[in-house]
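Hey, can you work out the whole structure from these sequences and the hints?
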Amino acid sequence: MTTKKTFYKVLYHVLVVFFGFIMVYPVLWMVSGSLKTNVEIATGALTLVPRYWLWENFPNGWAGFAGITFSTFFSNSLFLSVFTTIGTVLSCSLVAYSLSRIRFRGRRIIFMLMMSTMMIPAQVILIPQFIIFHRLGLVGTFVPLILPSFFGAAFFIFLMMQFMASIPKELDEAAIVDGCNKYTVFTRIVFPLLKPALVTTAIIQFYWAWDNFLGPLIYLNNPRQFTVSLALRMFADTASITDFGAMFAMSTLSLIPVFVMFLLFNKQLVDGISTMGLKG
Amino acid sequence: MALQKAKATKATKTKSKIKKRMVMAPLMMLIPWFLGMAFFRVYPIFLSFWYSLTNFPLLGERTFIGLDNFRQIFLNDTTFHASAIATLRYVFFGTPMVLAAALFIAFVLNFKLKGVNIFRTAYYVPSILGGNVAVSILWVQMFRNNGLINSAINNFNNATPEFANIPIVFWLTSETWAPFTLMLLSAWQFGSVMLIFLAALQNVSPSLYEAASIDGAKGWRQFRSITLPIITPVVLFNAVNVLLRHFQEFNSAFLVTSGGPNQSTLFFSLYIYDMAFQRLQMGYASALTWISLAAIGVFTLILFFSSKYWVHYND
Numbered sequence: 001m002t003t004k005k006t007f008y009k010v011l012y013h014v015l016v017v018f019f020g021f022i023m024v025y026p027v028l029w030m031v032s033g034s035l036k037t038n039v040e041i042a043t044g045a046l047t048l049v050p051r052y053w054l055w056e057n058f059p060n061g062w063a064g065f066a067g068i069t070f071s072t073f074f075s076n077s078l079f080l081s082v083f084t085t086i087g088t089v090l091s092c093s094l095v096a097y098s099l100s101r102i103r104f105r106g107r108r109i110i111f112m113l114m115m116s117t118m119m120i121p122a123q124v125i126l127i128p129q130f131i132i133f134h135r136l137g138l139v140g141t142f143v144p145l146i147l148p149s150f151f152g153a154a155f156f157i158f159l160m161m162q163f164m165a166s167i168p169k170e171l172d173e174a175a176i177v178d179g180c181n182k183y184t185v186f187t188r189i190v191f192p193l194l195k196p197a198l199v200t201t202a203i204i205q206f207y208w209a210w211d212n213f214l215g216p217l218i219y220l221n222n223p224r225q226f227t228v229s230l231a232l233r234m235f236a237d238t239a240s241i242t243d244f245g246a247m248f249a250m251s252t253l254s255l256i257p258v259f260v261m262f263l264l265f266n267k268q269l270v271d272g273i274s275t276m277g278l279k280g
Numbered sequence: 001m002a003l004q005k006a007k008a009t010k011a012t013k014t015k016s017k018i019k020k021r022m023v024m025a026p027l028m029m030l031i032p033w034f035l036g037m038a039f040f041r042v043y044p045i046f047l048s049f050w051y052s053l054t055n056f057p058l059l060g061e062r063t064f065i066g067l068d069n070f071r072q073i074f075l076n077d078t079t080f081h082a083s084a085i086a087t088l089r090y091v092f093f094g095t096p097m098v099l100a101a102a103l104f105i106a107f108v109l110n111f112k113l114k115g116v117n118i119f120r121t122a123y124y125v126p127s128i129l130g131g132n133v134a135v136s137i138l139w140v141q142m143f144r145n146n147g148l149i150n151s152a153i154n155n156f157n158n159a160t161p162e163f164a165n166i167p168i169v170f171w172l173t174s175e176t177w178a179p180f181t182l183m184l185l186s187a188w189q190f191g192s193v194m195l196i197f198l199a200a201l202q203n204v205s206p207s208l209y210e211a212a213s214i215d216g217a218k219g220w221r222q223f224r225s226i227t228l229p230i231i232t233p234v235v236l237f238n239a240v241n242v243l244l245r246h247f248q249e250f251n252s253a254f255l256v257t258s259g260g261p262n263q264s265t266l267f268f269s270l271y272i273y274d275m276a277f278q279r280l281q282m283g284y285a286s287a288l289t290w291i292s293l294a295a296i297g298v299f300t301l302i303l304f305f306s307s308k309y310w311v312h313y314n315d
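Those protein sequence lines, which keep their order, are chains A and B. Residue 84 in the numbering used here is what sits at position 84 of the first sequence, and the numbering runs on without skipping anything. Residue 278 in the numbering used here is what sits at position 278 of the second sequence, and the numbering runs on without skipping anything.
These aren't lab readings, by the way, just hints derived from the structure by calculation. Just so it is clear, CB atoms sit at the ideal spot from N, CA and C, and this is done for glycine as well. You may find that some hints are simply not true.
Quick look at which bits of chain B chain A covers, simulated, 3 or more residues with Cβ under 8 Å [to be verified]: (1) 126-134; (2) 239-253; (3) 292-301.
Here it is as structure tokens:
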């Protein structure tokens, strides 16, 4: 009985480790590919340790194409991600505060309206939004990618409203007795207390902005404005036959911000997903 | 008496004035946001519906043509038919694949295990990469004809010639396998679905399992009769989410297979993209988005209505 039990226990651990390794293997393979020679990658070598450590892949890839280096692409991506994140956090927290803390006529209607925009898939408004920006002459600029984030996203507003429900209202009232108005209650009391929800929102929004591909694909056409995602795609299209190593090197670098965020905020992210359920 | 009344009204008046000011504050905060939402999120919905009834080349004249777009799409557009088949196949087979993989791993990780957090992270790593272009590049490199997977198959065949040979598969260039390769990519990124399942599994009270084992239910029986019914609400939640995601999948099909081979992975979103941003036919593309939206709505409703028969709620 006991031997059977230990056997199952060992088998179970081996399986978990084995499957875990299979899950992570492709990522490791890509990272190691960034140091391999083209020949080694082209033949589909399975090893995770490069035969020769080819550090040149990184400067080669960083040189980019058409004279535009990856410094440009990375700063574009960073610029877009940071500003959409700021916009989302500010607008969503303000809206969530007014909707959850202050009773006024029409509050329910606005709430319902907001929730219904969450139900409509993004692809429905993609085309008319593009035409609006086209008419405003803003296609080919960063504006269409940043501006909408300053008008809140229903999903995050909802997340913050949920969180705000757990901040006691007595705090607001006490602050008002002490001379705060509704604005200062927000800036001094609610906003600081909202920190965990703000952090979750910021991380997820940063992820989405960093990984966003369709938006830049539609709105940006000058290679100088390309984000890392767009540049990687160009790179894979034009250079796949010649320089696998450099492509892997840049792919690996493009994942670094995402990984760093994950390592820093692992707990908030896992908690946020477990409680709310987000898309990958 | 009258004096008292006058005093009272005066008091309520100032009170209501204060109240009014309190009410104005949030409204002032909401105004810019509300205008923005109305202009960039609500108005486009109506615009899109209007466009779907027009012939609208982006750089040309817009003319009202009623339901002609829809008639054309349903009756004559063979690309649309191919696209519908590709999308439905991806949704029908891909969604259960993701759910099954996520539930299985969540179930496995739910046991007491040393270093469970490390494993949870390991299983979650593919998902944090999300829709990043790097993932698609990786997938191409793994599944191209002489890529990682096929060379692994080769190595295996060479190492063990006494077994029957595993045939090499054209993962990206065969109509049968390309959709499956994309499903694999989606299934590989089951992380967040798995985390939600795991949270649900951890909420199942241990006393239920104790009671079940006293009654002689073990293993699979226990899972089927206790665990599964309790977590069905979460299964529904995840099923709806994955379904929505699959219906709108763009990145993998665009970057890994470009909709091919022979339109076998030309999902709705790809066809819409092509129609709107390559051929600039905004009216026709808008009509396509509404058909896609209707399909999403129908399938979500079917899931919700069917939930009456398989989802168990505690109260």
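Here is what the structure says about each hint:
1. 126-134: As far as the stretch 126-134 of chain B goes, the hint holds, because 9 residues have Cβ atoms under 8 Å from chain A.
2. 239-253: holds (count 7)
3. 292-301: holds (count 3)
Figure legend: structure checked against the earlier numbered hints; every hint is met.
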